[in-house]
Amino acid sequence: TQLLEQSPQFLSIQEGENLTVYCNSSSVFSSLQWYRQEPGEGPVLLVTVVTGGEVKKLKRLTFQFGDARKDSSLHITAAQPGDTGLYLCAGGRNQGGKLIFGQGTELSVKP
Amino acid sequence: ETGVTQTPRHLVMGMTNKKSLKCEQHLGHNAMYWYKQSAKKPLELMFVYNFKEQTENNSVPSRFSPECPNSSHLFLHLHTLQPEDSALYLCASSPRDRGRFGYHEQYFGPGTRLTVT
Chain A
1 TQLLEQSPQF LSIQEGENLT VYCNSSSVFS SLQWYRQEPG EGPVLLVTVV TGGEVKKLKR
61 LTFQFGDARK DSSLHITAAQ PGDTGLYLCA GGRNQGGKLI FGQGTELSVK P
Chain B
1001 ETGVTQTPRH LVMGMTNKKS LKCEQHLGHN AMYWYKQSAK KPLELMFVYN FKEQTENNSV
1061 PSRFSPECPN SSHLFLHLHT LQPEDSALYL CASSPRDRGR FGYHEQYFGP GTRLTVT
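Going down the list, the protein sequences come from chains A and B. Heads up, the first sequence is in my numbering, so the first residue is 1 and it goes up one at a time. Heads up, the second sequence is in my numbering, so the first residue is 1001 and it goes up one at a time.
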């Protein structure tokens, strides 16, 4: 069974702090996606990384794919209350559109 | 662009009822998916359709019956559900022809919150 383990599962921080969320697996993925989900809504795609060691930035969010393509991290700089939500990582392999999702990290940023 | 829409947004049904969930995508994608999201569990893939053909059934009980009449519409027919089937049901779509990993970039609808009583 391919598993993606996310850590931490819950994170509560003050506005302005930095944080990192991790997504780890023993399996190699051909691509990895990060999504953010707000209450009552579906996940929204933030980024896709496909190359080992790849780093992508989206404003204050920095995503990195591990060199061996087994893990990924999401770093948020100077978090804001609008960053609050459930962050999900998902790994894809070459067998069609099937994605393996992590259990998510619930982030709460307090003003 | 309205993306992926799902109706109804909320549904309460008894165990003997029959109901259907509807999903429509306006993105020109040709792959569509049903997922189940339960509290404290990772998203569970239920079904995958590529170009209207079912390519994945992730050991889903027969009380869930999908239907994909065309690449833009996806239905999930429900009957004789159990209380443990209560969850958020999410529909997603993805392109099959946008680069090598386009089909991994899935776009989700807002979900149907299902409660089985």
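Treat the hints as calculated values from the structure; they're not laboratory data. Bear in mind the structure is a predicted one, so any value in this text is a computation, not a measurement. All residues carry an ideal CB built from backbone N, CA and C; glycine is no exception. Possibly wrong hints are sitting among the right ones.
Said to hold, decoys possible - Here are the simulated DSS-like cross-link-like pairs (lysine-lysine), alpha carbons at most 30 Å apart as the crow flies:
hint: 1; chain 1: B; residue 1: Lys1036; chain 2: A; residue 2: Lys98
hint: 2; chain 1: B; residue 1: Lys1019; chain 2: A; residue 2: Lys70
hint: 3; chain 1: B; residue 1: Lys1040; chain 2: A; residue 2: Lys110
hint: 4; chain 1: B; residue 1: Lys1018; chain 2: A; residue 2: Lys70
Unchecked claim - Computed beta-carbon distance windows for the label pairs:
hint: 5; chain 1: A; residue 1: Glu38; chain 2: B; residue 2: Leu1027; range: 36 to 46 Å
hint: 6; chain 1: A; residue 1: Lys57; chain 2: B; residue 2: Thr1080; range: 48 to 58 Å
hint: 7; chain 1: B; residue 1: Ser1020; chain 2: A; residue 2: Gln14; range: 42 to 52 Å
hint: 8; chain 1: B; residue 1: Gly1003; chain 2: A; residue 2: Lys57; range: 41 to 51 Å
Verification of the supplied hints:
no., hint, result
1, Lys1036(B) x Lys98(A), "holds (14 Å)"
2, Lys1019(B) x Lys70(A), "violated (40 Å)"
3, Lys1040(B) x Lys110(A), "holds (22 Å)"
4, Lys1018(B) x Lys70(A), "violated (42 Å)"
5, Glu38(A) x Leu1027(B): 36 to 46 Å, "violated (20 Å)"
6, Lys57(A) x Thr1080(B): 48 to 58 Å, "holds (49 Å)"
7, Ser1020(B) x Gln14(A): 42 to 52 Å, "holds (45 Å)"
8, Gly1003(B) x Lys57(A): 41 to 51 Å, "violated (24 Å)"
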